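Please build the complex by placing chain B on the supplied structure of chain A, with the hints as guidance.
As they're listed, the protein sequences go chains A and B.
Position 166 (the first sequence) corresponds to 166 in the working numbering; numbering is contiguous.
Position 62 (the second sequence) corresponds to 62 in the working numbering; numbering is contiguous.
Keep in mind the hints are simulated off the structure, nothing from the lab.
Here are the simulated SDA-like pairs of lysine to any residue, each with C-alpha atoms no more than 20 Å apart in a straight line:
1) B:Lys-105 to A:Ala-70
2) A:Lys-180 to A:Thr-162
3) A:Lys-68 to B:Gln-113
4) A:Lys-143 to B:Gln-122
Since the model is a prediction, treat every value here as computed from it, not as a measurement.
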Amino acid sequence: MNLQQEQERFYNLKIIILGGFLGSGKTSVLQQMAHFLVEHEANSKANTKFAIVENEIGEVGIDDQVLKSAGFKVSNIFSGCVCCTLKSELIKSVKEIQEKMNPSWVVIEATGVAYPGSIRKALTDNLGLEAYIITIADASRWKRLVNAMQTLVSGQLEDSMTVLINKTDLIEEDTLETVKSSVVSYHASVEIFMISAKQGIPASVFEKIVEHVKEQQDGKQDGHGYDGA
Amino acid sequence: MENKMDMAMTEHSHESIPSNGHTCNQGHIHTGVEAYMHEGASVVSAEIEANNSIKEVKQQLTTDIEELSHWVGIHNGIVGHIKAFIKEGGNGYMLSSTGKDVQRKEISESVIQISIAAIVFQVDLKQMKQQIEKMLEKYK
Numbered sequence: 001m002n003l004q005q006e007q008e009r010f011y012n013l014k015i016i017i018l019g020g021f022l023g024s025g026k027t028s029v030l031q032q033m034a035h036f037l038v039e040h041e042a043n044s045k046a047n048t049k050f051a052i053v054e055n056e057i058g059e060v061g062i063d064d065q066v067l068k069s070a071g072f073k074v075s076n077i078f079s080g081c082v083c084c085t086l087k088s089e090l091i092k093s094v095k096e097i098q099e100k101m102n103p104s105w106v107v108i109e110a111t112g113v114a115y116p117g118s119i120r121k122a123l124t125d126n127l128g129l130e131a132y133i134i135t136i137a138d139a140s141r142w143k144r145l146v147n148a149m150q151t152l153v154s155g156q157l158e159d160s161m162t163v164l165i166n167k168t169d170l171i172e173e174d175t176l177e178t179v180k181s182s183v184v185s186y187h188a189s190v191e192i193f194m195i196s197a198k199q200g201i202p203a204s205v206f207e208k209i210v211e212h213v214k215e216q217q218d219g220k221q222d223g224h225g226y227d228g229a
Numbered sequence: 001m002e003n004k005m006d007m008a009m010t011e012h013s014h015e016s017i018p019s020n021g022h023t024c025n026q027g028h029i030h031t032g033v034e035a036y037m038h039e040g041a042s043v044v045s046a047e048i049e050a051n052n053s054i055k056e057v058k059q060q061l062t063t064d065i066e067e068l069s070h071w072v073g074i075h076n077g078i079v080g081h082i083k084a085f086i087k088e089g090g091n092g093y094m095l096s097s098t099g100k101d102v103q104r105k106e107i108s109e110s111v112i113q114i115s116i117a118a119i120v121f122q123v124d125l126k127q128m129k130q131q132i133e134k135m136l137e138k139y140k
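With the rest of the complex left out, here is chain A:
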């Protein structure tokens, strides 16, 4: 691969940031998303590679063990948030993944207290890479979290492009509408899907997300990103 092809490949890397509060179901969504993306891409072209960057607070990682047990290769960034103190670790990880694996997709699972918008900014500022932000909202305890941690919850939502309202199987229809209205009150234009990761996320949700990520890539190439010249 020549330099221009390498550059093109680098800037065509599709990155998804999965955000959302602790316990919202990010890892469960990630596992299903990984399966979908690998199968989806396998149908369209060969040698699709998918990488996961797992950021956890605490000295002991649990989510990375779950993902590794499910057969995924995971790059870990522990003991802090990639949205602030560990930004350089994130940049290093993405570069390393690109050099060693050259994947089509990278999914970054943020910690439950991270602001996905800050992670996206770090990628754009330092690597010139665009990223698509999906925030998972826990419908079953939304009201309590919003009351106790409004700044964090609203901060996680404000830069989101898609919100997946998860655990819909645990609450009544009218409560679900209240959660949806609350999410919209923080981010009026965001696309919302109601899901239950436990019951299985429909392929149509992931198809829509893939479509948006590709639109974002196309927009970047038409605009201020890499133009292949």
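Below, chain B alone, put in the same frame as chain A:
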């Protein structure tokens, strides 16, 4: 909005609990049970090896996580999450709670390795660490 961004972009304060362990290059104290503050959350994690049977460990950890969630609740705290991962040979088993029931997930099934991570808000870090140390005594 401005406050949020300030908080997000500022260095975190890591308030470790002093103990008799060794200090790592990140300034944390390692004694088996690690504890520090992160963005207002008490973060406590541990990794231990248990000599009990896998069945006993699963049952006991389910009860312990329920009790820990309850303990956080009666101290007016909020459970971010409490997660445990049990590893035996090539098989894994995850338990998690966000304050209510404990969810169990079989990944596929000597010495059993247990990893636990609890992130809770509005609860004293030292008390939380002591609670987890007390809980883990049962597995040694």
